[in-house]
Structures are given as structure tokens and as C-alpha cells.
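S.K.: Listed below are the residues making up each chain.
Protein chains: 2
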Amino acid sequence: MAINNFINDEESSAKSRVSPAVIKRLPRYYRYLRELLQNDILRISSGELSKLMHVTASQIRQDLNCFGGFGQQGYGYNVKYLYGKIGEILGVTQHYNAIIIGAGNLGSALAASPVFERRGVKLTALFDSSPDVIGRSVSGYTVKSIDELEDYVRNNDVSIAVLTLTKDAVRDMAERLAGLGIKGLWNFASTELNLSNKDVVVQNVHMGDSLMTLCYELTK
Amino acid sequence: MAINNFINDEESSAKSRVSPAVIKRLPRYYRYLRELLQNDILRISSGELSKLMHVTASQIRQDLNCFGGFGQQGYGYNVKYLYGKIGEILGVTQHYNAIIIGAGNLGSALAASPVFERRGVKLTALFDSSPDVIGRSVSGYTVKSIDELEDYVRNNDVSIAVLTLTKDAVRDMAERLAGLGIKGLWNFASTELNLSNKDVVVQNVHMGDSLMTLCYELTK
Numbered sequence: 071m072a073i074n075n076f077i078n079d080e081e082s083s084a085k086s087r088v089s090p091a092v093i094k095r096l097p098r099y100y101r102y103l104r105e106l107l108q109n110d111i112l113r114i115s116s117g118e119l120s121k122l123m124h125v126t127a128s129q130i131r132q133d134l135n136c137f138g139g140f141g142q143q144g145y146g147y148n149v150k151y152l153y154g155k156i157g158e159i160l161g162v163t164q165h166y167n168a169i170i171i172g173a174g175n176l177g178s179a180l181a182a183s184p185v186f187e188r189r190g191v192k193l194t195a196l197f198d199s200s201p202d203v204i205g206r207s208v209s210g211y212t213v214k215s216i217d218e219l220e221d222y223v224r225n226n227d228v229s230i231a232v233l234t235l236t237k238d239a240v241r242d243m244a245e246r247l248a249g250l251g252i253k254g255l256w257n258f259a260s261t262e263l264n265l266s267n268k269d270v271v272v273q274n275v276h277m278g279d280s281l282m283t284l285c286y287e288l289t290k
Numbered sequence: 071m072a073i074n075n076f077i078n079d080e081e082s083s084a085k086s087r088v089s090p091a092v093i094k095r096l097p098r099y100y101r102y103l104r105e106l107l108q109n110d111i112l113r114i115s116s117g118e119l120s121k122l123m124h125v126t127a128s129q130i131r132q133d134l135n136c137f138g139g140f141g142q143q144g145y146g147y148n149v150k151y152l153y154g155k156i157g158e159i160l161g162v163t164q165h166y167n168a169i170i171i172g173a174g175n176l177g178s179a180l181a182a183s184p185v186f187e188r189r190g191v192k193l194t195a196l197f198d199s200s201p202d203v204i205g206r207s208v209s210g211y212t213v214k215s216i217d218e219l220e221d222y223v224r225n226n227d228v229s230i231a232v233l234t235l236t237k238d239a240v241r242d243m244a245e246r247l248a249g250l251g252i253k254g255l256w257n258f259a260s261t262e263l264n265l266s267n268k269d270v271v272v273q274n275v276h277m278g279d280s281l282m283t284l285c286y287e288l289t290k
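Respectively, the protein sequence lines represent chains Z and D.
Counting from 1 along the first sequence, just add 70 to a position and that's the residue number in the numbering used here.
Counting from 1 along the second sequence, just add 70 to a position and that's the residue number in the numbering used here.
Please keep in mind that the hints were generated in silico from the structure rather than gathered at the bench.
You may find that some hints are simply not true.
Identical chains share a label here; the pair holds if one copy fits it or two copies do between them.
[Said to hold, decoys possible] Cut-off 30 angstroms, straight-line C-alpha distance, at most; resulting in silico cross-link-like pairs (DSS-like, lysine-lysine):
id: 1; residue 1: Lys214; residue 2: Lys150
id: 2; residue 1: Lys192; residue 2: Lys290
id: 3; residue 1: Lys121; residue 2: Lys253
id: 4; residue 1: Lys214; residue 2: Lys94
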């Protein structure tokens with residue numbers, strides 16, 4: 071009992087110690103650690119991880135020491151433990167359920183990709199408003215009519231909605247989803263959502279920003 | 071002539087003054103300025119832009135003063151001029167040509183989206199290796215066989231290749247494209263590319279990182 075309490079205290083204090091800048095870098099560590107695990111590499115030094123990830127070893131130590139006690143002198147990091155720990159901090163162990171709104175090309179590409187499963191997120195349904203798409207099978211899901219959205223969300227535990235809609239349609243849909251109690255929006259419409267309900271967490275994906283950075287690098 | 075020289079000097083020194091941190095933020099300014107233009111808003115103060123973009127007015131002044139002389143006391147920023155200037159710095163006026171390798175759902179979604187046109191990039195062809203896809207029409211492009219890649223790149227001016235391939239296939243393809251002299255890779259396979267040719271610029275898009283950040287925010 072005392073040990074359990076101690077562990078919980080450790081965890082919550084580790085979590086609160088992690089700065090937003092480190093949090094932003096954690097998904098990249100998570101990806102690299104997964105690749106190491108897939109290649110049966112179970113321990114790695116900060117020096118080796120540094121070479122692989124093209125960041126300094128001191129940056130790695132600084133980032134990962136936020137959690138406390140991962141690295142061991144002369145042993146390196148325990149890849150599996152670190153992978154699990156970072157996953158836990160990032161919410162992978164929460165097993166959130168997600169739905170996709172918009173079953174066009176992008177929605178279908180996301181449904182077929184391992185992007186959800188790898189982060190512990192379970193895709194449970196796809197919705198669309200087009201009669202041409204409703205009823206179609208996409209990666210094993212039968213696309214539902216958007217008219218069924220309210221019923222579905224009421225009867226299922228949905229935390230995340232993935233929005234692959236046009237810019238014009240996305241704002242109303244985001245408010246509708248927020249009204250249904252959905253707490254996380256992953257928005258692929260190239261516009262930033264500022265919802266009236268501030269409890270809703272939004273991640274806007276701006277693929278064009280990355281293309282512009284590429285063009286800048288080419289021009290330089 | 072003297073004026074032209076002066077302008078060119080100004081431009082190149084402005085460009086070299088822009089820090090990488092500011093460059094990273096410019097695509098977002100670019101998006102907001104485009105929306106303002108679309109709504110016929112031709113000038114805006116740093117205070118108004120601050121409210122819109124949810125960053126401090128002093129951050130905006132700091133970022134945009136890197137270029138020198140955009141803001142005018144009591145007048146604000148000239149939206150059209152600033153939009154053009156940022157576009158120029160980011161390479162929009164270079165009018166790069168791009169091809170997509172992989173005409174599946176994601177490739178088709180990108181081909182149909184305004185993401186290229188908005189950054190001054192011209193999509194010129196899509197390639198695939200699957201006989202089911204080759205010859206199909208995608209957003210007005212007839213999908214070419216990947217066997218035609220070498221001929222196509224030799225006979226056309228292609229700066230950017232967009233990679234919507236699986237992780238297993240992407241490394242060989244990236245080396246093949248680099249060998250053909252393609253200078254920019256926009257990589258959607260969820261793996262980081264480290265090419266032998268260091269002149270090739272790579273932008274890796276990791277959509278999963280954004281999903282993880284969303285999960286983290288939900289868990290917090």
C-alpha cells in the first residue's frame with residue numbers, strides 16, 4: 071500500500087515536471103523507440119539514440135531525465151520501459167475511441183493507416199453526408215449517415231472526432247460535436263478552430279505549413 | 071537601377087536576418103493573411119492580428135519586424151504586401167513543380183486539395199506501381215506507371231516529389247528520386263528519411279505526432 075502510494079506520487083510529480091517543450095518532442099521519441107523495439111533492440115545509450123535521432127546526447131538526457139531514473143550509468147535506457155512510460159504520459163494507455171467525420175479520400179486514407187492503433191486509439195466508425203458514400207465499406211467499416219451521429223455518440227463512448235471536411239463545413243460540425251460532449255477534435259480542414267466550448271481540445275493539422283517549409287528550404 | 075539595387079540589397083539582408091524560429095511561424099501568418107485577403111481586409115494592426123491568431127501583439131511585431139518596415143504607426147500592416155512578401159521568402163514565387171508517388175487514398179486526397187496551388191506549387195503528375203491504379207483519372211491527372219518515372223523526370227522540370235508510400239517502399243524510392251536530381255521530398259510515410267545525398271531537402275509529415283499531442287491534452 072505504501073509502495074503503491076509512493077509510485078503514484080512519483081508518477082504524478084514526474085508528469086507535472088515535464089515541460090511543454092519536452093511534451094512536444096515526446097511523440098518523436100515514441101516513434102524511434104517503437105522502431106527499436108520492432109528491431110529487438112532492448113537497451114540503448116543516450117549516445118546511440120543521439121546518432122539515430124540527430125539530436126545531441128545531452129538534449130536526450132535532459133528530455134528523458136524529466137521522468138526521472140530511466141537512464142542507468144553504463145547500461146543505457148531500457149527501451150521497452152521508456153516506450154511504455156512515454157506512451158502512458160501521452161495518453162496511449164487511455165484507449166480513447168475515435169470516429170471519422172468525412173469518408174472521402176483523406177478519411178479513407180486515415181482509416182486504412184496504422185496511425186490510430188499505434189497510439190492506442192480505437193477507430194469505431196466513419197460518417198459522411200453524401201448518399202454516394204453512406205453504406206460503403208471503408209477498411210472494414212460501413213460508412214454511416216451523418217444523421218445517425220447524435221444517436222451513435224449517445225450510445226457509444228467517443229472521445230475523439232477526426233474532421234476531414236471542407237473549411238466551410240467544419241466549423242458547424244465542430245460545434246455540433248462539442249455539443250454532443252466530444253472532448254477532442256483532430257482537424258484536417260485547413261483552418262484553425264476556435265470553439266465556444268473551451269473544454270474541447272483541438273489539434274489542427276496544417277499539411278500546407280510543412281510544404282511551405284520545404285519550399286523555403288529549397289529556395290534557400 | 072540604383073533603386074532596384076537598393077531593393078535587392080534590402081531583400082537579401084532581410085532574408086538573412088530571419089531566424090529559423092520565425093521562419094517556422096511564417097506559414098501560419100501566411101494562412102491568416104490569406105484569410106484576411108479573402109475577406110477583403112487590406113490592413114490590420116498588430117493588436118487585431120494578435121486577437122485573431124492568439125499570440126501576443128509584441129510577438130507579432132517582433133516576428134514581422136524581422137523583414138523591416140511592414141508596420142506603420144497608426145496604419146497597421148498592409149495585408150497584401152505582407153502576404154506577398156512572406157510568400158516570396160517562403161518560396162511561393164518560385165513556382166516549383168511537384169509529382170506525387172503513390173496514387174492511393176492519401177495521394178488522391180492531396181491531388182484534390184488546394185494545398186499545392188495555395189503555396190504556388192504546381193502538381194504535374196501522379197505515379198503508381200499498381201496495375202489497378204495506373205491509367206485511372208485522379209483529379210484530372212491520368213496516373214502514370216512508376217516505370218515512366220525516369221523518362222518523365224528527365225523531360226520535365228520537377229523539384230518536389232510527394233511520397234505517399236508504405237514505410238517499406240519509401241527509402242528505395244527516395245534514393246531513386248534523389249538519384250534523378252529531385253531536390254525536395256515531402257514524405258508522408260511515417261518514417262524519417264536520412265538520405266545519402268545531403269543536398270536533398272526532406273520534410274517528414276508525422277500525422278501521428280499530432281494525434282498523440284491530442285491524446286496528451288485529453289489525458290491532462
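S.K.: All the hints need checking, so say for each whether the structure fits it.
M.R.: Structure-based check of each hint:
| no. | hint | result |
| --- | --- | --- |
| 1 | Lys214 / Lys150 | neither (38 angstroms within a copy, 43 angstroms between copies) |
| 2 | Lys192 / Lys290 | between (42 angstroms within a copy, 19 angstroms between copies) |
| 3 | Lys121 / Lys253 | between (38 angstroms within a copy, 24 angstroms between copies) |
| 4 | Lys214 / Lys94 | neither (34 angstroms within a copy, 39 angstroms between copies) |
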